[in-house]
Amino acid sequence: MNLPRLYHRLRLTARSLHSSANGQQVEKVAVAVDPDVPSQVSVFRTSENDPTCHTELHAGQYYTLPPAHMRTLFPHGLPPRFQMQMKTFNEACVMVRQPALELITCLRKADYSEPALRYVLYGEKGCGKTLSLCHVLHFCSTQGWLVLHIPDAHLWVKNCRELLPSSSRPGRFDQPIQALNWLKNFKTTNEHFLSKIKTTQRYVWTKRESTEEGRPLGELVDQGVSRVKSSSDVVGALLRELRLQAGGAAEGAFRLAVAVDGVNALWGKTTLKKEDKSEVLPEELTLIHNLRKMLRNDWCGGAILTTLSQTGSLFKPRSAYLPMELLGEEGFDNMDPFVPIPVSNYSDKEFESCYLYYLDRNWLQHPHSRTEDGKKELIFLSSRNPSILERLCAFL
Amino acid sequence: MAACRAVRAVLVKCGKSSWTSVPRPPQTDRQLLSRQICVSSAAWRKNLAAAGPEKFSEEYIKKQVEEFNIGKRHLANIMGEDPETFTQEDIDRSIAYLFPSGLFEKRARPVMKVTVQWGEDGRPFHYMFYTGKQAYYSLMHDTFGKVLALEKYQDSMRNKGLFTKDTRQMSLTGSRWLLKEELEELLVENISDHDYTRFLQLMERLLSMPYCAMEEEFVQRFRRQLEVQSSKQEIPAVQHDENGVAFSQAEGRRKTAKASIKLRDCGTGSITINGKSYLLYFPVLQDREQLMFPLHFVDMLGRFNVEASVEGGGHCAQAGALRLAVSRALLSFVSAGEMESMRQAGLLTPDPRVKERKKPGQAGARKKFTWKKR
Numbered sequence: 001m002n003l004p005r006l007y008h009r010l011r012l013t014a015r016s017l018h019s020s021a022n023g024q025q026v027e028k029v030a031v032a033v034d035p036d037v038p039s040q041v042s043v044f045r046t047s048e049n050d051p052t053c054h055t056e057l058h059a060g061q062y063y064t065l066p067p068a069h070m071r072t073l074f075p076h077g078l079p080p081r082f083q084m085q086m087k088t089f090n091e092a093c094v095m096v097r098q099p100a101l102e103l104i105t106c107l108r109k110a111d112y113s114e115p116a117l118r119y120v121l122y123g124e125k126g127c128g129k130t131l132s133l134c135h136v137l138h139f140c141s142t143q144g145w146l147v148l149h150i151p152d153a154h155l156w157v158k159n160c161r162e163l164l165p166s167s168s169r170p171g172r173f174d175q176p177i178q179a180l181n182w183l184k185n186f187k188t189t190n191e192h193f194l195s196k197i198k199t200t201q202r203y204v205w206t207k208r209e210s211t212e213e214g215r216p217l218g219e220l221v222d223q224g225v226s227r228v229k230s231s232s233d234v235v236g237a238l239l240r241e242l243r244l245q246a247g248g249a250a251e252g253a254f255r256l257a258v259a260v261d262g263v264n265a266l267w268g269k270t271t272l273k274k275e276d277k278s279e280v281l282p283e284e285l286t287l288i289h290n291l292r293k294m295l296r297n298d299w300c301g302g303a304i305l306t307t308l309s310q311t312g313s314l315f316k317p318r319s320a321y322l323p324m325e326l327l328g329e330e331g332f333d334n335m336d337p338f339v340p341i342p343v344s345n346y347s348d349k350e351f352e353s354c355y356l357y358y359l360d361r362n363w364l365q366h367p368h369s370r371t372e373d374g375k376k377e378l379i380f381l382s383s384r385n386p387s388i389l390e391r392l393c394a395f396l
Numbered sequence: 001m002a003a004c005r006a007v008r009a010v011l012v013k014c015g016k017s018s019w020t021s022v023p024r025p026p027q028t029d030r031q032l033l034s035r036q037i038c039v040s041s042a043a044w045r046k047n048l049a050a051a052g053p054e055k056f057s058e059e060y061i062k063k064q065v066e067e068f069n070i071g072k073r074h075l076a077n078i079m080g081e082d083p084e085t086f087t088q089e090d091i092d093r094s095i096a097y098l099f100p101s102g103l104f105e106k107r108a109r110p111v112m113k114v115t116v117q118w119g120e121d122g123r124p125f126h127y128m129f130y131t132g133k134q135a136y137y138s139l140m141h142d143t144f145g146k147v148l149a150l151e152k153y154q155d156s157m158r159n160k161g162l163f164t165k166d167t168r169q170m171s172l173t174g175s176r177w178l179l180k181e182e183l184e185e186l187l188v189e190n191i192s193d194h195d196y197t198r199f200l201q202l203m204e205r206l207l208s209m210p211y212c213a214m215e216e217e218f219v220q221r222f223r224r225q226l227e228v229q230s231s232k233q234e235i236p237a238v239q240h241d242e243n244g245v246a247f248s249q250a251e252g253r254r255k256t257a258k259a260s261i262k263l264r265d266c267g268t269g270s271i272t273i274n275g276k277s278y279l280l281y282f283p284v285l286q287d288r289e290q291l292m293f294p295l296h297f298v299d300m301l302g303r304f305n306v307e308a309s310v311e312g313g314g315h316c317a318q319a320g321a322l323r324l325a326v327s328r329a330l331l332s333f334v335s336a337g338e339m340e341s342m343r344q345a346g347l348l349t350p351d352p353r354v355k356e357r358k359k360p361g362q363a364g365a366r367k368k369f370t371w372k373k374r
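Protein chains in written order, with UniProt numbering: chain L, 1 to 396; chain H, 1 to 374.
Simulated from the structure, these hints should not be mistaken for lab results.
There could be a bad hint or two in this list.
Stated by the list, open to error - Calculated cross-link-like contacts (lysine-lysine; reagent style BS3-like; alpha-carbon spacing at most 27 Å):
(1) Lys316/L <-> Lys276/H
(2) Lys165/H <-> Lys146/H
(3) Lys276/H <-> Lys125/L
(4) Lys133/H <-> Lys146/H
Only chain L is shown next, with the shape it has when bound in the complex (with noise of 0.2 Å):
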């Protein structure tokens, strides 16, 4: 599996060659169009909302995401600070950057007959690495995938309330509320794949309930939010279901994406505690056990897009962002080989499409902010970085 590594390492250095190259041409286009108002919008705004459609040409610009399809897809996928910034802006735009369209490629070209590649998008705090992900995820959709998003894996590990002992298996634990929450909006998601999907297995759940072979996978969805007890073993079964079918050479194949944020969750320490106050481990976890063997790559036809994610991560300290660090000896064990793919601060020209996308919003009310120097004052202020740029301009 070092061809993708190869590949990969080929492509920054050309990456950074024509980007090099592309910012001068950019940033000389943009000195000049400057004056001129309406055409500042092409400069910062696509109009290719289509992200099948999006290559490096549009490589710093803003695209919308359109309202209907934001709903179905993302109902819990979005980072909370943008879901603030789509509900103050009355839209939703995300920036086309370099790593979600390396990302966006290698799906166009990977080859589904093989096991499925594992990539992780890592990077420093607040690089835009789950925005990212999001962007590669609604490609996905619009290729019409089957799309398996856990928005946070560190919000199974901890905060957690209602720790039952599960009902199938001694040893483990369940997560009831989690595991329901996360039902509902996969059937949101993917609402036109349940019906389509049968269940190739008897389950059951406890003695007056199960599901027959060959039950539709809706019904499966449905009785694991109805019943509440068994929703993790619901979801386990789902997993396993979709691993089973993913790629098939059946007419009702599709292609799985199974996309995880903060997999580092997975390999770290739990902030749970069983009654008699030692530590849960995450192997103990019904939810976690499940997604691991999902994450191996011993299925066909999809691909595992991961990130690694310090915010939520327990025991980290705030400067780990490398893979090493964050996912720990027997994280990286599990997950290698793996596509890693950096993500960055903003460039030149994604600083630029980013301070022209706020004015055009009038989110920068400061006059200052408006001039050459307060611009330098924020380059300088927030060293680029996507999220402390956005904090630093909420309130200016």
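Given the structure of chain L, go ahead and fit chain H onto it with the hints provided.
Chain H only, in chain L's frame:
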């Protein structure tokens, strides 16, 4: 009984305070004397203390001088020198050698000298002794003597016809008169405010006369240099590394934090502190603003790269130390006018505030314990 009383009276007259033992009376009188000997020696000691400190009587001074001479001979023997030709200078030298002292005030060091101010015949050495403030009055007398001498010189010049008003004047700029405390220190005497004013008036009178440049040396003894107001700011030198890129180094301090930086030209505006990016090192916005201030003030935000190392203090102190270091390093890239405006903006002034000491009887430096009315 009478014999014992006589003995006691004799003892009191001699004033020997160390006498505690009572002479044993003859055995026959022991029963009679038992009642009187009950007086404890503590009562005796109290009596002698009430007599007052040792008076500087003639015999006392004579005795002290004798002891001094004996000591001088002993000292000469210790040092292996001839006791007959042992002068006061030799004594000073030997004492300084035998009792080395680290005290800064020279007059507080151990000294072996006869400092009595009058001689054997009881006549004081100084001619102004009976004024009470001998040093002050002798100084006033000398100064007035100089005034008179100058007037006499003036008259002689006039007589010769060589009197000119435009003589060499003393330069009095950049210096000030001694303060009252400094004058007291010089004269080793207490002076009143009135005396000090009179002294200054006399000095001014001396200076108002022509030909006062002749007494320049005398006058300069009573003047102190003022601290130079505009002390020259040290500008760090611009060095060039292998690629020809200019860089400068500077240091800065604030509270307990020490920072040292290298400012490189032709950079991208990246700042590395202790190997970490400044965004990671200073998550608080205020600290980053402090870092930004000097660069923004001279409009060179994206031009320099900064490599910094900082230790000690808290995050605000470290940010302040870095700010000072950056301002100092910028001086070598900036014109003189901009340097002046930086100084006026307060970028080049090290912040003198440090943590105030906690005082006993209070909870903190200023905070007092709870005040209870009763």
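(request) Take a quick look at whether Lys316/L and Lys276/H sit within 27 Å of each other, Cα to Cα. (result) Roughly 17 Å between the alpha carbons, so the hint for Lys316/L and Lys276/H holds.
(message) For Lys133/H and Lys146/H, compute the direct alpha-carbon distance and say whether it is at most 27 Å.
(response) holds, 20 Å
(message) Lys276/H and Lys125/L were given as a pair; does the straight-line alpha-carbon distance stay at or below 27 Å?
(response) Roughly 14 Å separates the two Cα atoms, so the pair holds.
(request) Decide if the proposed pair is consistent with the structure: Lys165/H and Lys146/H, CA atoms, cutoff 27 Å inclusive. (result) holds, 19 Å
Taken one by one, the earlier hints all hold for this structure without exception.
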